[in-house]
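Asks: Using the sequences provided together with the hints, build the complete structure.
Each chain is listed here by its residues.
Number of protein chains: 2
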Amino acid sequence: MFREQLARDAARIQNQFDLVLGGLDDLDVTQAMAYTTQGGKRLRGFLVLESARLHDVAEDQAIWPATGIEALHAYSLVHDDLPCMDDDDLRRGKPTIHMKWDQATAVLAGDALQTLAFELCTRPEVGVAEVRAGLALTLAQASGAQGMVLGQALDIAAESAAEPLNLDEITRLQAGKTGALIEWSACAGARLAQADTTPLRQYAQALGLAFQIADDILDVEGDAQKAGKRLQKDADAGKATFVSLLGLDAAKLRAADLIEQGCAALETYGSRADTLKEAARFVIARDS
Amino acid sequence: MFREQLARDAARIQNQFDLVLGGLDDLDVTQAMAYTTQGGKRLRGFLVLESARLHDVAEDQAIWPATGIEALHAYSLVHDDLPCMDDDDLRRGKPTIHMKWDQATAVLAGDALQTLAFELCTRPEVGVAEVRAGLALTLAQASGAQGMVLGQALDIAAESAAEPLNLDEITRLQAGKTGALIEWSACAGARLAQADTTPLRQYAQALGLAFQIADDILDVEGDAQKAGKRLQKDADAGKATFVSLLGLDAAKLRAADLIEQGCAALETYGSRADTLKEAARFVIARDS
Chain C
0 MFREQLARDA ARIQNQFDLV LGGLDDLDVT QAMAYTTQGG KRLRGFLVLE SARLHDVAED
60 QAIWPATGIE ALHAYSLVHD DLPCMDDDDL RRGKPTIHMK WDQATAVLAG DALQTLAFEL
120 CTRPEVGVAE VRAGLALTLA QASGAQGMVL GQALDIAAES AAEPLNLDEI TRLQAGKTGA
180 LIEWSACAGA RLAQADTTPL RQYAQALGLA FQIADDILDV EGDAQKAGKR LQKDADAGKA
240 TFVSLLGLDA AKLRAADLIE QGCAALETYG SRADTLKEAA RFVIARDS
Chain G
0 MFREQLARDA ARIQNQFDLV LGGLDDLDVT QAMAYTTQGG KRLRGFLVLE SARLHDVAED
60 QAIWPATGIE ALHAYSLVHD DLPCMDDDDL RRGKPTIHMK WDQATAVLAG DALQTLAFEL
120 CTRPEVGVAE VRAGLALTLA QASGAQGMVL GQALDIAAES AAEPLNLDEI TRLQAGKTGA
180 LIEWSACAGA RLAQADTTPL RQYAQALGLA FQIADDILDV EGDAQKAGKR LQKDADAGKA
240 TFVSLLGLDA AKLRAADLIE QGCAALETYG SRADTLKEAA RFVIARDS
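Residue numbers (numbering that gives the first Met the number 0), protein chains in the order written: chain C, 0 to 287; chain G, 0 to 287.
I should point out that these hints are in silico values taken from the structure, not numbers from a laboratory.
Just so it is clear, the structure is predicted and the values come from calculations on it, not from any experiment.
Possibly wrong hints are sitting among the right ones.
What the hints assert, rightly or not - Selected chain C positions facing chain G (in silico; Cβ < 7 Å):
#1 A103
#2 V106
#3 D110
#4 A111
#5 T114
#6 L115
#7 F117
#8 E118
#9 A132
#10 G143
#11 L265
No residue lacks a Cβ here, since even glycine has one placed at the ideal position from N, Cα and C.
Replies: Here it is in structure tokens:
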């Protein structure tokens with residue numbers, strides 16, 4: 000059920016990117032935008048679309064912020080991969096933008112993808128103005144210097160710190176770096192319906208943390224071929240991770256506990272939330 | 000009148016940046032955000048505040064998008080100055096972020112300043128939801144791959160083109176690169192008041208083009224000390240500019256004509272638009 004829905008949603012989001020990016024001038028930067036928004040799990044976009052279904056919001060409305068959050072995620076990956084940041088040559092098994100084109104194209108394509116995210120959330124098709132303004136404001140809060148960029152900056156600061164981060168510090172770092180956008184995605188359906196976001200927020204906070212723990216586990220145990228990126232980066236860099244702090248077995252238990260907590264928060268929706276619960280269980284079982 | 004108002008508005012915008020950025024974690028990236036949003040002419044922010052005054056919009060509302068457009072402008076400068084882009088060591092007479100900190104900090108600070116721009120335009124203090132959603136959507140359209148980034152990408156493409164750009168091509172390039180944000184700024188006051196943007200749009204289109212012609216003139220005739228940045232860059236790079244295409248005297252005449260056209264578009268406002276008219280005349284007389 001979940002895997003089929005994820006595949007359908009990924010295809011729908013790809014169509015939307017084709018539509019939106021197809022209207023742009025044909026230049027290196029727009030080619031790079033299209034190139035980098037192909038593929039990926041589309042988990043964030045799925046969370047927008049599935050939480051919208053949960054609130055009977057039409058897919059024609061929800062597809063815009065679903066594509067928007069994938070544009071924002073893509074921007075963060077493109078800039079993260081730059082030589083001055085993580086310096087990665089591969090992403091999803093393909094050369095990164097600065098390898099295929101150059102660094103200037105990577106900077107500009109990432110910049111334009113961030114802008115596109117805000118455009119897609121505020122287009123008239125999304126719904127009433129309250130919804131559009133609210134989606135844009137919360138997206139900015141989740142992705143800026145109090146959200147994702149804060150997490151990235153804490154990550155960079157940790158590299159030159161005298162001591163490795165402790166569990167509280169790494170939890171805060173990850174709440175920004177990956178948690179805030181996952182939370183935004185899961186809450187988007189409730190926002191589109193102008194409904195209470197509390198259950199989805201609790202679900203997403205547990206899911207986001209479990210997602211990062213699973214990433215750390217994958218970094219140690221995973222197969223670089225399947226993951227489509229370099230692994231063991233954190234261990235090689237001597238960085239603290241949930242695995243280095245908790246140990247592998249305890250990290251797995253913690254992730255599983257979080258998933259059960261997250262699913263419990265959705266009880267109010269009954270069986271209609273089954274696909275979201277399946278999604279949560281997938282997050283800690285994935286191999287890429 | 001205009002110069003005093005510009006100075007007052009610049010101080011008001013600086014206060015707002017201090018308020019907004021003062022609440023962030025103290026990290027390299029947030030220090031760099033504060034550093035790079037100090038100084039500058041604040042012409043875009045002034046256009047927001049002055050067009051708001053023209054429509055009797057309260058300054059407490061207009062200050063948010065005025066600070067937002069300056070955040071967006073600052074992001075574009077920080078990324079433009081990167082080694083892989085224009086590779087500039089000085090901006091407003093001070094070391095650029097990648098010189099004072101490093102490239103990663105410059106990429107992240109620019110990213111977060113773009114995000115901040117959208118946050119400031121959609122905060123509840125700005126006004127009703129229609130206004131906030133409209134400001135964010137039009138800002139995205141003006142700054143993304145159909146606006147500012149398009150202009151930057153055309154600029155990069157021109158460097159490796161077989162022939163220099165002609166007048167139509169360079170006009171389109173500049174309409175994106177600098178014109179779109181100037182237009183957004185001047186129209187913001189009408190948007191805040193939910194009034195017709197046509198007169199301000201006509202004014203701003205003429206002003207934006209004149210602004211760029213004046214920049215090209217300054218690049219040839221200016222004093223690097225006063226400008227606070229390296230000059231003669233375009234001539235050194237063999238790039239087409241309004242000056243290389245029109246000649247210096249005709250470029251000056253064209254800029255002056257545009258300013259008169261732009262001022263004529265404001266006749267509907269009577270003497271209330273005098274400060275905006277003065278601003279337009281300042282743009283082609285400035286030395287930095």
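Asks: A separate judgement is required for each hint: does it hold in the structure or not?
Replies: Going down the list of hints, with the structure as the test:
1. At a threshold of 7 Å, the smallest CB-CB gap from C:A103 to chain G is about 5 Å, leaving the interface hint in force.
2. Because the beta carbon of C:V106 sits about 6 Å from the nearest beta carbon in chain G, less than 7 Å, this interface hint is met.
3. The beta carbon of C:D110 is positioned within 7 Å of a beta carbon in chain G (closest approach about 6 Å), and the interface hint is therefore held.
4. Here the hint on C:A111 is kept, as its CB sits about 4 Å from the closest CB of chain G, short of 7 Å.
5. Interface hint at C:T114: satisfied, since its Cβ lies 4 Å from the closest Cβ of chain G, which is below the 7 Å cut-off.
6. A hinted interface residue such as C:L115 counts as satisfied when its beta carbon comes closer than 7 Å to some beta carbon of chain G; here the least separation is about 6 Å, so the hint holds.
7. A least Cβ separation of about 5 Å between C:F117 and chain G falls short of the 7 Å threshold, and the interface hint therefore holds.
8. Nearest Cβ of chain G to the Cβ of C:E118: about 4 Å, under the 7 Å cut. The hint holds.
9. A least Cβ separation of about 4 Å between C:A132 and chain G falls short of the 7 Å threshold, and the interface hint therefore holds.
10. The beta carbon of C:G143 is positioned within 7 Å of a beta carbon in chain G (closest approach about 4 Å), and the interface hint is therefore held.
11. Hint on C:L265 is violated. Least Cβ distance to chain G is approximately 29 Å, over the 7 Å limit.
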